[in-house]
Amino acid sequence: MEQMAEEKNFIAEKSKSNRAKCKKCKEVLNQGTLRIAKVMPNPFGDGKMMAWHHPQCLVAVFSKQRKTTAKITCVDDIGGWDELSMEHQKEIFTTFPDIPREKFKTHDDSPVEKETPSKKKLKTKPPPTLVPSSKPQMQEYLFKDFRKLCMKLSQENSHLQKTAIFKEFIDKILSKEQSNETRAESLFLWCKMLLPNSEKRIYNLHSKQLIKLFSQLFKQDEFLMLEDLEKGDVAETIRIFFEKNKNIKAVEKSFLTLSKVDHFLDKLAVETTEAAQMSLFKSIALLCTGNDLKMIIRLVMHDLRINCGPKFILGAIHADAYQAYQTSHNLKAVIEKSCFFDASKIENNKNSRMNVNVSLLTPILPMLAEACKNIDDVFKKCPSGIYSEIKYDGERVQLHKSEGEYKFFSRSLKPVLNHKVEPFKEYIPKAFQHGEELILDCEVLMYDHKSNKPLPFGTLGIHKKSKFENANPCLFIFDCMYYNGVSLLDRSIVERRKVLEQNITEIKGHIMLSEVKKLHNTDQLKLMIEDVLKQGLEGLVLKGLTGIYEPGKRHWQKIKKDYLFD
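Numbering (UniProt numbering), first residue to last: 1 to 566.
Hints in this document: simulated from the structure, not taken from any laboratory. Check before you lean on any hint, since a few could be wrong.
As a list, the in silico DSS-like pairs of lysine-lysine whose alpha-carbon atoms are at most 25 angstroms apart [said to hold, decoys possible]:
no., residue 1, residue 2
1, 253, 200
2, 200, 176
3, 212, 152
4, 282, 172
5, 453, 380
6, 148, 26
7, 391, 192
8, 517, 560
9, 148, 67
10, 518, 558
11, 558, 517
12, 48, 8
13, 518, 26
14, 518, 553
15, 246, 212
16, 231, 212
17, 373, 561
18, 260, 332
19, 24, 14
20, 14, 148
21, 249, 267
22, 200, 48
23, 407, 381
24, 498, 407
25, 380, 425
26, 561, 518
Label-pair distances were calculated between CB atoms; the ranges are [as the list claims (entries may be wrong)]:
no., residue 1, residue 2, range
27, 546, 16, 31 to 41 angstroms
28, 406, 533, 29 to 39 angstroms
29, 155, 62, 53 to 63 angstroms
30, 62, 515, 30 to 40 angstroms
31, 280, 145, 16 to 26 angstroms
32, 19, 140, 51 to 61 angstroms
33, 266, 155, 27 to 37 angstroms
34, 178, 406, 52 to 62 angstroms
35, 230, 309, 50 to 60 angstroms
36, 17, 158, 43 to 53 angstroms
Built from N, CA and C at the ideal position, the CB exists for glycine as well.
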């Protein structure tokens, strides 16, 4: 198979076990099913590596990749074709209908006759037997129980006690679920609602817009509602006017379910017209008490006023859940991992470790640096030596690439404005010619081709850029967290830097590596600080040579002129 991988761009075979996962959808490639691998260069050494896919997932990959990237055009492109069963060969022809069928043969080497439409009509299948679904269904939960939980959390000042309250609550509700699948489904629903910023649905509705909508729904004076809004709580304002309006009456007893509210929020997130938004709000208001609608508005505003973030909610689920969430920023994956954990490990979670893989196109919390005010302390913290890196005065950006799709996230994990990053989509494939899947930590600056130097912070604005005729946005790359199917978070900075250096072709003024030096003592560091200050640069970032990438942690150090002369 290894020799075949070198000769062919693709390998097809029957899955041997339930261990491998599809590169695109991340689901298990079930034993006995057909799987197809893209043969790719190995970024960590000589030879090739195979990225396995479901056949349909590979079709989706082909639809997004560049025209020049290899695709399956005939069966000669596929290693292992002759070893496939006739059933799997048929599956490939069905999935990739453009492949010529002249080599479609049975194992006795006789050609398979192509089915004609008339022959297809003669084939009959027995009618399907209708069997009731045996899959366990998640319990339904009342929205008023969610409100009560939020009230309890808001009244508790201690964060540890907040975690204990939620732990007691989930132990009670999960005991009613019949399987790990429904436990995960229920727990994800509760956590998603308690952490409205984690699965951020964007509604583009601000306080005054909500007042305008509800004044029309309730047929109330908008000016009076805006006056009440000055107290600072739009949800409470809407509750007050809801309970006294006569156009849409609040129900006396709440039977609204949590899943119904979740479904409503999903629909609201995709509606952009005022008429559609009003229609949705009216439909949900007809099912609400005053307090129900008040809490729904809090969810829309992404602020439940419970003073309880991911650290304390996820702490009730598993000791490692918050760290796993910081790494992946994938709440659903963290919940599922915790629910499918071995029961004995859950009971003794201090002695177990839960890891969640990085998700492409989902931002990772960036690793940060703490201020270093005494350079004598640097090598006490990093006795093995440091990378001393120029601190660029630009905008921190996290770049994700997956099968031709690009996403750029800011330091706060929000999408970066398109005009700042659009040019890089042209240059990234040229700079990383074999980089099909990437997560890179970068800084975006304007680069002046006349002086061959980056311009200062603030020049990336769409209007300010036009003032610099000889400059364009440049991506300075300083770290790599993921490369072609391999997470590098647990690799040292030396290894991560090596992956960058071995796989990048720098494009001056467009895609460049950050400038670093390896230092082993204070004297070397002092000389570099002097040089940086003479050049008028912002400062240095210092990284221990053995340090791994720790999302959200301030385990790097930064030196700036301001810190040294305080």
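Hint by hint, where does the structure go against what was stated? Just the numbers, ascending.
1, 2, 3, 4, 5, 6, 7, 9, 13, 20, 22, 23, 25, 32, 34 and 35
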